[in-house]
Amino acid sequence: MEISERINAITIGLASPEDIRKWSYGEVKKPETINYRTLKPEKDGLFCERIFGPIKDWECSCGKYKRIRYKGVICDRCGVEVTKSITRRERMGHIELACPVSHVWYFKGIPSPLALLLNISPRSLEKILYFAPDRQREQLYEIQKDNDDVNDSKSEYLENEVITETEFKIHKIYNPNFNAELLYRVNQPKIFPHKVGDIISEERLFDLQRKYGKLFFTVEQVLPFDLEQSEKEHDFEDENFETAVASDIKEEVKKEKEIESNKKELINEQNESVDYKILEIEGLISESRLSLLLEQDEGLSKKTIMAKQTVEESCYVIINPGATNHKVGDIILETEYRLFTLYDPEFRAGIGAEAIKNLLKDLNLDTLNMELREELKHSTGQKAKKMIKRLQIIEAFRKSHCKPEWMILDVLPVIPPDLRPMVQLEGGRFATSDLNDLYRRVINRNNRLKRLLELGAPDIIIKNEKRMLQEAVDALIDNGRRGHAVLGAGNRPLKSLSDLLEGKKGRFRQNLLGKRVDYSGRSVIVVGPGLRLDQCGIPKKMALELFKPFVMHHLVKRELAHNIKTAKKLVEQESPEVWNILQEIIEEHPILLNRAPTLHRLGIQVFKPVLVEGNAIQLHPLACPAFNADFDGDQMAVHVPLSTEAQTEAELLMLATNNVLSPANGTPIALPSQDIILGCYYLTMKEKGRKGEGKIFANPEEAIRAQEEGFIDIHANVKVRVKGEIEETTVGRVIFNQVLPIDMNFVDLTITKKTLARIISYIYRRYSQEVAVKFLDDIKEIGFHYATISGITIGVVDLEIPSEKEKILEEAEEKVSKIKEQFNYGLIMEEEREQKIISAWTDAVDKVINAILNNLSSFSPLYMMADSGARGSRRQIGQLAGMRGLMADPSGRIIEFPIRSNFREGLSCLEYFISTHGARKGLADTALRTSKSGYLTRRLIDVAQDVIITEEDCGTNDGVIVSDIQEDGNIIEKLEDRIVGRVAQEDIINNENGEYFVRRGQLIDEKIAKKIIDSGIREVKIRSPLTCSLKQGICAKCYGKDLASGKMVTIGEAVGTIAAQSIGEPGTQLTLRTFHTGGIKITGEDITLGLPRVEQLFEVRKPKKQAIISEINGYVDKIKDEQQDIRREIVIQPETEGISVKNRESKKKVYFIPKDLKIIVEEGQKVNAGQKLTTGFIDPNDILKIQGIKAVQRYLLEQVQEVYRSQGVTIDDKHIEVIVRQIARLNKIYVKASRDSDLLSGELVYVSDFEEANTKVAQENEEIRNKNRNLLLNKTLL
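For the sequence shown, my numbering assigns the number 10 to the initial residue and increments by one for each residue that follows.
It is worth saying that the hints were derived from the structure and are not from the lab.
Careful, some of the hints might be misleading.
[What the hints assert, rightly or not] Once the Cα atoms are required to be at most 20 Å apart in a straight line, the calculated PhoX-like pairs of lysine-lysine come out as:
#1 Lys459 to Lys39
#2 Lys1040 to Lys824
#3 Lys578 to Lys31
#4 Lys578 to Lys566
Go ahead and model the full structure; you've got the sequences and the hints to work with.
As structure tokens, then:
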């Protein structure tokens, strides 16, 4: 059975310790990898052959069993199974941990699942897991001697010992007779009659201790004078000791012993008169003694403070609170733990991952779920939010049937050794995977902890070792997630398991989704002008290698070779019969061509291969736009579909001739450009006075023959009878019309790029795809032919600098000086001055460009290139022969100093320097744009990939009303473009004659749309992905026409992915930076354009410069916008209908306007709810509050369209609607209060699920009511 048949889906989840042991083939006990002498893996080490399998195929470690005949035998000497060495890529091991260890993903995630589940703060949890101390400041108490149980074995405290407040409280709870007094600290110890160093008698000492207590000061016993003297006499210094001879040393030692014995005797003899020396005065005094002192000195109270001490101890988490007043999961310090354990035999608390595991084991998820749901009903705010998060995690555990304690590891899996290889380098050194170092650290620490536990090492050492093991496992799983990363050679962080999985170069995206494929090749592309649109040229050698197995099969089949081995030799020798067979094979075998980056589905297309000489792939010039390819060194990849099904599918869906239309907007993408446009333009040009002008021809063939014979010029104005009509045209236009469909009207125009695009689009709609493809191939032929024979070229002589230039510049200079003068006199503002200067120079540049174009003849190569749309523009011609004009600085502001020179004259030093800004910005923008747009596409696909056409019709009555999209009076998108290819939601009728343009549920095509617009209708209600009522995916009717095929979309089409690609692919064409408003600082704001704006809209972020909008319909009553006004404000009165004067005043709205926003309404102006009052972008959340979700959808759609249309990019509305549907959903609602339903507060649920839950609750309530009614009736009957 094939793997694809066995595995339907893969889920990633928590593994139980039993699962990890089940995967494993043995325990890794040693940190060793390979033996440095034999270079064989160490037994029980990280590369052990017994656990992971043999290094050599079918051979055990010791060599006793060799070859395949011993397959499956386990060697009795070395314990290695005889099998393939590939098992070293598959077999796993495990490490039995000496103590449980937390998994860093579940502890350090945001939010932390462990912390949420246990309802412990992540900070406290970290202290528990890593044996970290907590610090708190506590009051001090002194134990009093009147305690009955002071010497009790439980209390372990002596009289006058100092304890903390926590200890005092615990003792007091369990022993009511326990007595201790608060300690105070006297700041000025002058009240004490002695100072440090004073010698006092024993009697005096007792007096002082009675009055002040033992904690107030500390003393030490003073030795008698003669004893001290004898000590000094017999004391010897280090230098004497070093120089002393052995006999002297013995003598000195003997004397020392004598002094010690004498000292004891003297102390005993003079015991009655012992003196004491005061070492330190701490000033600690009990409450009772302090009150006695206060009676003598009332001023003393100002000099005393409560005695406090900073306690720093390990944290413990309570597992079983016993009879204490704590609850499960509370954090306590070590002293509390020690005392509670002493007094309460049931009390249980722990530290480290072991304690957390016990807590998780004790969790009853079902009970906890019910308790939290009940508690949630009475909770609000932050507390409710946290509960919802907890409930979500609990639900996830319940549904997945995983146990929470599995987040704590008892056993650690060891991945196969060939996935963390060790390779020998030149010179005998080894290069190893970082994982081996990380595993080695874990094993070393684990083994050390096991040994310490066996030896019964002190608790402090065990705790430290457990912490180190926890950190080692953290580093292995995700190095650097917590604390400092473990560094390898060259201070480089070691790559952990997480690093191997995540990101573009990780296991998932690089190896599993991005596998290398066989039967593929890659080469540079060159133009193939002789190819048809569905063909591509493949180099012979490449084709032979790609189709090698097919060629070999045919050689054997035709008995040209006896076996595959001989056939392979024939192919390698490139014998003549091989080429014949290859030619036959490729005729029926399509291939796939792909150019990176594949931004949309047209980045991979199918072609029929044609064998060509050389090493380069030949590509049809009209296939370039879809691939965004050019021939400046681009490379393309070739792939061969192998199975018959794959070939059929490739040919039907992906053939280049079936992908002429762009999925983004439905217009032809295979449009001619450059040479072909120039050739067609040259061919169809008309000029008076050319040879043969005025001649009349009976048919097109006669006119063409006359031109070929040289009797008339191709551009001469002649008369030709075409389809029974006399056309006044040129022979060139007649030739052009020869390639048009036979029944198409005669096109008597000079063909430019736009004209040709319109003709291709018309042919595609009016005729069929086959006709359009044939026309494209024909137009390519005549375009290249006439571009070649025209001999068009440009040189420096073609760039004529207009004589009017100097005069235009002088006038502009004069105008600018007048503007500056007006500014100096204070007649105009700074912003107006800037605007007028820029306007003056822009006019001057336009005048110069017009002068150049007026001087150029219609047959000037420069004019022909620009006018045809083949290459270049008015602006570029102006820079070449006129003046460069105004430039922008790096921030986007326009520099007022214009560049007066052109490229023919050459730029001055200053002008060149000013120009560099633009050049550098252009390069930086291109590099940044590419990565930014790629990332945007990736995120869009992530959001929309599950939007698929799942049904024919969802049956919704909802829809969207569309009209022209306008901004500042300019039409951004016409209504006609918005309704073509969409399904009407209601009947659209001609008001004049009552005729139906389209019935409800019918598709609106181009003809119907034109009729609707011509009739004067300005609003149409259509079906939309935004309002589709399906839960999963969308229906065909709500989507409408498939733009790539021009037909109604079919079920199963991945419209979400197509939408994401259509929006993301032109992302590189959008501007990236924020630009000044035309370089003019009028509003004092930067406008976010291009890609950043699209991201801002799709992420529904709050704009930086947020516009103020009206919340009500009404009139602008008052505007305060004067300089003397402290606050700028707008007052809006509501509409007066049905509102009393008093009520009207109370309902008026006052908006305070920030200084950096410009007011765009006037007093007395009518405003609608949601209308902008100032400049800036509207926050979609404001629209949601005021106008609702549909208004948000409309706003997002129109704003995204505005960004793309302003850059000349056309994207159909439906693609943006598909994405907006995922962001602002109509069929999902936010649960505010769950009440008795199973839904969670704060959860996003489908409307249908919400209604279902409400119905269920209502039914349950009805049942309860009926039950209660029956009970009541029964009682009355009794």
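Exercise. If any of the earlier hints don't hold here, list their numbers in rising order.
Key: 2 and 3
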